[in-house]
Every structure is written in C-alpha cells, then in structure tokens.
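Chemist: The whole structure should be built from the sequences, with the hints applied where relevant.
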Amino acid sequence: MPPSISPPPVGADSATAGATGAATGQRASCVVDVFDMHCAACAVTVEQALRDQPGVQSARVHYATQRAQISFDPTQVSLDKLLLCIERMGYSADAAGSENRAEIVRRQRHRRIWGFGLATFCAMQIMMLTLPRFLAGADIEPELAPLLDWSALALVLPVMWWSARPFYQGAARELRLRRPGMDCAITLGIVTAFAGSVWHLLANTGALYFDSVAMFVALLLGVRWLEWEQRERNQSVIQQAANATVRGSALLVRDGLDGVNMRQTPVDDLVAGDRVWVRAGEAIPVDGLLDSEVAVCDESLLTGEAVSVRHQRGEAVVAGAINRGAPITVRATATAAASTAQRLLLLADNAAKPEALAFADVVARFFMPALLLLAVGTFVALLPAGVSTATERAIAVLIISCPCALALAAPAAQARAFAGLLSRGVVLRRASALERLARGNAFLLDKTGTLSDPAVAQVTELRPGVTESYALSIIAALEQAANHPLAVALRGSGAVVESVTDAAWLPGQGVSGTIGGRAYRFGRGSYVGRCNDDNRSERRLWLTDDQGTVCSLDLSERLREDAPMLVRQLQASGRVELLSGDHPERASFVASTLGIEVSEGSASPERKAARVQRLQQEGSTVVMIGDGINDSVGFAGADVAIAVHGATDAARASADLICERPGLMPIAEAQIYARRVVRVVRWNFGWAIAYNLLAIPFAIAGAVNPLVASVGMAGSSAIVLLNVMRLGGDRAKFPEPSRGR
Amino acid sequence: MESLFILVPLALVLAVIIGAAFWWSATSGQFDDLERQGRSVVEDDDR
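From first to last, the protein sequence lines are chains A and B. Okay, so the first sequence: first residue is 0 according to numbering that gives the first Met the number 0, each after it adds one. Okay, so the second sequence: first residue is 0 according to numbering that gives the first Met the number 0, each after it adds one.
Derived by calculation from the structure, the hints in this document are not laboratory data. None of the values given here were measured: they were computed from a predicted structure. There's no promise every hint is true.
[Said to hold, decoys possible] Per the computed footprint, the stretches of chain A lying under chain B, defined by three or more beta-carbons under 8 Å from a beta-carbon of chain B, are:
| # | stretch |
| --- | --- |
| 1 | 109-119 |
| 2 | 144-153 |
[Stated by the list, open to error] If you want the footprint, here are the derived chain B segments under chain A, 3+ residues with CB under 8 Å:
| # | stretch |
| --- | --- |
| 3 | 0-12 |
| 4 | 20-34 |
A virtual CB, placed ideally from N, CA and C, is assigned to each residue, including glycine.
Modeler: Given below as structure tokens:
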C-alpha cells in the first residue's frame with residue numbers, strides 16, 4: 000500500500016529516503032514511480048490528470064524514467080489520493096525509490112511469464128485437438144467431433160480468462176482515454192472470434208477459431224514480454240541519470256549562536272540567499288555567488304572547456320560545475336529549478352513527448368474505424384445469405400485482418416533492436432530514433448570528451464641529461480598536493496617515486512615542493528617566472544628548479560583512436576561538422592586533423608541548438624553526438640542525440656542513444672545496425688500490409704476456411720518474427736553495462 | 000477410436016495439473032534468474 004507523506008527527512012540523506020516528501024508550509028513535493036506506461040502518450044495523459052486534481056501545483060511525468068514529479072498542497076490533497084488518481088487511469092503507482100519497485104517489477108515479470116506460458120501451452124494443446132479435425136474433415140466420426148471441440152473450448156478458457164487479460168485492461172484504458180488503439184483492435188479480434196466460435200459450437204455449425212485465438216494471444220504476449228524485459232533492463236541505466244537530477248541533497252550552512260552549523264537539505268528546497276557547503280569533487284547544486292576566498296571549478300559540463308576555471312570571492316558560479324579544489328561555500332542566487340543545469344535538463348525533457356501521441360492518434364482515428372467498418376460492412380452485405388454465413392464471414396474478416404502481423408511488425412523489431420544495440424554497448428532510449436538515425440545526413444560532433452580525451456600532457460622541452468620519465472615522476476609527485484582534473488591526469492603519467500616536502504598548491508597557478516633537497520615549481524608560465532611569450536602559453540606548463548627550466552609540458556588532447564574511422568563513416572552518409580565550446584583554434588585544428596571541413600569553436604549551448612535548427616530547416620536529419628550539459632539543449636532539438644561513454648548525466652538524460660562502451664565504435668556500429676533494423680521493419684510492414692490486403696478479399700468471399708485462416712494468421716506473424724530474428728542480436732559479448740560510471 | 004473418450008479427458012486433467020505446476024513455478028520466481036545458477040559453477044569464490 001502506498002505510504003503517506005513522510006515529514007521532511009531532516010538530517011537524513013534524502014537519497015536513501017523513499018519518497019522525497021518535503022513539506023514546506025503549504026507545499027509538498029514527491030517523486031512517484033508510475034508503472035505500465037508504454038508510450039509517451041500515456042505520460043502526457045497521466046500528467047494531465049494529475050494537474051486537474053485540486054491542490055496540485057505542478058506535475059511532470061517522465062516516460063523515459065517512468066516517474067512522476069508532483070508538488071502539491073498537503074492541506075488540500077494527500078499523496079494517497081494522487082496515487083489513487085493515477086491508478087484510476089489504469090496505471091499502477093508507488094512512491095519512488097522504495098523497496099517496492101523491485102518487488103513490483105518482480106511480480107509483473109511473474110505475471111507475464113505465467114500469461115505467456117499458459118497461452119503457449121494451451122495453444123499447443125488446442126492445435127493437437129483441432130488438427131485431426133481439419134485433416135479428417137467430414138470423415139470424422141460424428142460422436143468424436145463434439146469431444147474434440149468441447150475439449151478445445153475447455154483449453155481456450157484459461158487463455159481468455161488469464162492470459163488475454165492485459166489486452167482487456169489495455170483496451171479499457173484506451174477507451175477511457177477515448178483513444179482506441181492496438182489493444183482495442185486485439186481485444187475486438189479475440190472476443191469476437193471466441194464468442195463467434197462458442198456460438199458456432201452451440202449451434203453446431205460453422206468454423207471454430209479456438210486455436211487461432213490461443214495462438215494469437217500467445218504470440219502477442221511473447222513479443223510484449225520480450226519488449227518489456229528490454230525496457231526494464233534499460234530502465235536501471237536511465238534511472239541512474241534521472242536520480243542524479245530529480246533529487247539530491249545539499250549541505251545548508253546556518254550561522255547559529257553556537258557557531259556555524261550544517262544541515263542536510265533537499266536541493267529542491269534551497270532558496271536564494273541560502274549558503275551551501277560544497278565538498279571537493281561535488282557538483283554545485285544551485286547558481287550562486289562564491290562565498291569562499293577562491294574556488295577551482297570544472298565547468299567542462301557546461302562550457303565544454305577542459306581547463307578548470309578559477310573564481311574569486313563574490314564571483315558567480317554555475318550549478319552543475321564541479322568543485323575541483325578545497326571545499327567552498329556558495330550563496331545561492333536562484334532555486335535549483337531555475338539554475339542553469341536544471342534549466343537545460345528541463346528544456347531537454349520537454350522536447351520528447353509529442354510524437355508518440357501523434358502515432359496513437361493515427362491508429363485511433365484511421366485504423367480502428369477501418370477495421371470495424373470492414374467487418375460490419377461484410378456482415379451487412381452478406382446478411383441476405385443468412386445470419387450464420389454473414390457472422391462467419393465477418394469473424395473471418397476480423398480474424399484475418401486483425402492487425403496481428405501489423406502490430407508485431409514494428410515492436411518486435413524494436414525489441415530486438417534494444418537487445419542488439421545493448422550487446423553493442425548502446426542503450427536505445429527512444430525506439431523512433433532508430434529510423435531517424437538510419438536516414439541521418441547531418442552530423443554534429445562535440446570535441447572535448449567526444450572526439451578527444453582531455454588533458455593529456457606531452458613533453459615539449461627537456462633539459463639535457465634529464466630523462467622524460469624522471470621529469471614526469473617529479474611532476475607526478477608534486478601534483479599529489481593538487482586536486483583538479485589535470486593533476487589526476489598528470490599523476491597517472493609518471494610513477495611516484497620521490498617524496499615531497501613542504502608541498503604547496505596555488506589553485507589555477509601551479510604546485511611547488513621540495514624533492515631530494517631541491518625546490519621545484521610546476522605550473523603556468525607566470526607562476527614559475529617565465530613570461531608568456533606565445534599564444535600557446537595557456538596550454539603550456541613548466542617545471543623549474545633553482546637552475547631554470549627542467550622541462551615544459553604541452554596540454555593537449557588526444558584524439559580517440561577510432562575518431563577518424565567514425566568521421567569517415569559518417570562522411571559517407573552526409574555532412575559532418577564539429578561544434579565545440581573550446582577555443583576556435585583548437586576546434587579547427589582537430590577538425591582539420593580529422594578531415595572535417597566545417598568547424599566552430601566557442602559554441603555556446605544555444606549556439607549549438609541554433610545550428611541544429613538551421614540544418615533542420617535546410618531539410619537535413621540532424622544527428623548530434625556529444626557528452627556535456629552544453630550539448631543537451633542541442634540534443635533536445637536534434638533528430639537523434641547520442642551520448643558517448645562517460646557523458647554527463649544531463650547529456651544522458653536527453654539522449655536517444657547512450658553509449659555504455661568506451662570509444663566511438665559503438666556509434667558507428669549503431670548506425671549500421673539502425674539501417675538494418677529499418678530495412679527489416681519496412682519489409683515487415685510491406686509483408687503485413689500485403690498479407691492483409693490479399694487475405695481480406697478472400698475472407699469476404701468466403702474462400703478462407705478455418706485452417707487457412709489460422710495458418711495464415713499465425714504464419715504471417717511467424718514470418719514477421721523470423722524476419723526480425725534475422726537481425727541477429729548478440730554480436731561480440733559485451734560485459735553488462737556497469738552500474739556506476 | 001473409443002479409447003479417445005478416455006484419453007482426451009485424461010489429457011485435459013493432465014493439462015490442468017501441468018498448468019498448476021507452471022503457475023507455481025512462475026509465481027514463486029523459478030524463472031527470475033536463468034543464468035546465475037549455470038554461471039555459479041565456473042565462478043571462483045566459494046560463497
């Protein structure tokens with residue numbers, strides 16, 4: 000049973016609490032898991048229903064994470080009531096993050112296995128009973144026929160009662176939302192065929208479709224189960240990205256009588272003016288002004304700039320930047336929702352929804368009426384020939400034209416594609432993106448973190464008599480004192496063999512220390528006493544001792560090994576552009592190395608999004624590949640967004656495809672795979688439509704006997720499924736995507 | 000052919016028993032993890 004709202008978990012880390020129920024006066028907010036949403040259209044309807052509830056201030060339902068974020072007035076409406084509201088819509092809901100989720104998923108899996116297994120088992124038994132009936136035809140002994148028929152009925156009852164239940168529930172939901180879709184079509188087909196068969200059995204006339212019904216249900220359930228399993232597997236990956244943004248807590252600093260005290264507070268509750276303590280390595284939760292003397296921030300998520308930025312007291316710092324230096328305090332100037340990182344995330348989330356609604360509408364408006372019209376038309380037209388004949392033909396039309404193969408054509412291929420891509424190290428988040436990836440002809444690439452690994456040093460100058468490895472080991476030793484991304488990279492470049500005394504670190508400038516009685520300084524030109532003589536000085540670091548320069552290091556980025564390969568492959572399918580937040584010179588250098596003709600540096604998130612739009616206006620299908628928060632606005636607008644391995648949470652949250660395998664190979668493979676999937680889906684649709692168009696006239700004409708009808712129907716689905724199998728799923732065995740990044 | 004009048008109902012009874020057994024195995028989690036047991040043979044630790 001859903002729990003009631005708990006009081007705000009003061010002092011507790013809210014990441015471990017169930018629902019982040021935080022009541023502040025007249026406002027409470029919570030995160031709720033919503034189950035059984037199988038398209039973005041569902042998310043929109045749930046959202047609408049929640050907003051219509053009195054007392055609800057805002058509601059957002061994320062389809063990708065299967066979660067709802069609700070803020071409401073606890074005096075007017077309770078959480079229980081909101082959960083009930085979602086359940087009335089035909090979905091199940093539960094307070095997010097609770098242990099219940101795993102339990103509910105487990106129970107759902109059991110239900111699916113049971114339904115599918117039962118239907119398959121019964122379908123096979125019914126086949127055994129009906130096959131002799133078909134083969135023997137009129138030769139069968141008159142007493143034996145009813146025995147076989149009634150046994151078949153007994154075996155189809157459990158299928159109708161248990162296995163087919165999800166279809167009834169789905170149909171009821173669709174009707175309640177006034178958007179009849181596939182579930183309605185399937186239910187109509189099953190129920191009519193079953194009722195008609197029972198009537199034929201009682202009247203001892205006409206054909207029986209029990210085997211077809213059971214087979215139909217079994218096949219559909221099997222496909223849906225497969226798809227559901229894939230979605231659940233993806234969920235855990237996506238959930239991680241969402242968890243990082245939906246909730247979290249910060250250390251709120253208060254000046255009390257007994258000095259400064261700190262309190263763990265949900266990020267959502269922070270208001271302008273609050274002072275927040277940010278530990279080293281933590282992300283700054285809200286936009287604000289720096290309250291400490293100095294801070295070193297890694298803003299590469301926001302700007303794409305690999306070099307950390309140094310801020311003085313009173314300067315503005317942005318949410319999402321990671322504190323690479325000592326702990327700092329920040330005075331908030333905006334709430335979390337209004338802060339940069341959050342703003343970008345929300346932008347990205349909103350762009351995702353409308354398309355699924357459109358498809359559901361097409362089915363509701365055209366497909367269902369056409370099917371009904373055809374069946375009713377057949378019935379009416381054949382009424383002069385007798386009610387029995389008319390009913391039989393109408394059922395035949397419904398059965399044979401039941402969108403079995405058609406309904407399987409896309410989802411089966413998509414389910415397979417989920418698995419296939421996952422084995423290639425790519426998580427597919429929006430199935431529709433596959434089709435767009437296959438025909439994508441404009442590719443926007445990010446530089447830092449995507450095409451190149453940042454901050455890898457290269458020794459450029461070396462004092463004679465000093466070996467490179469010795470110089471690097473000194474630097475590695477000195478950098479022990481520092482804590483920023485570059486230091487981490489440098490520490491890795493040489494073995495630490497020396498011990499350092501009186502080490503010091505001036506953030507943003509350099510490190511110094513004494514090794515073996517000799518005083519070393521390592522850092523920027525200005526820090527070690529060298530003038531900045533060329534424009535590359537920003538990226539050149541010096542190691543000096545009392546005799547002068549020992550060596551100098553150039554900070555460079557290393558192109559990923561597979562970058563040229565990916566660029567070549569993409570260039571074969573369209574235009575490739577490089578858009579980087581980094582220095583224009585660096586961008587054009589990397590671009591020319593890779594043979595990319597168009598490149599742009601210093602590109603802001605908005606600039607990237609604008610470029611996406613421009614290309615789309617020119618009629619291109621834009622595929623954007625990136626990793627940072629600065630890409631996420633562009634991601635939302637792009638036709639396909641691909642987040643590379645190690646991408647930031649923001650980029651992952653708004654991406655269509657997420658790489659879970661290092662390198663750029665997965666992207667290249669995904670493109671090729673997407674094309675194959677699209678080919679198969681097209682072939683499937685072609686076959687399913689051709690089959691229906693051919694079979695329906697025969698059914699109307701009465702040329703379809705039960706054997707042909709059931710074999711035709713099961714066969715058409717089987718062909719669709721076999722065609723999907725042709726895709727092949729597992730390529731090289733790729734270890735399960737790691738849970739943590 | 001008369002034997003069918005016994006065999007078919009018998010088959011139905013058998014089907015019910017199998018169905019019940021399957022219901023138990025599905026709902027008690029027998030199919031939850033089909034890989035771990037197989038893999039446990041080649042895993043190192045004795046836990």
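Chemist: Would you mind marking each hint as holding or not holding in the structure?
Modeler: Outcome of the hint check:
no.: 1; hint: 109-119; result: holds (count 5)
no.: 2; hint: 144-153; result: holds (count 4)
no.: 3; hint: 0-12; result: holds (count 7)
no.: 4; hint: 20-34; result: holds (count 7)
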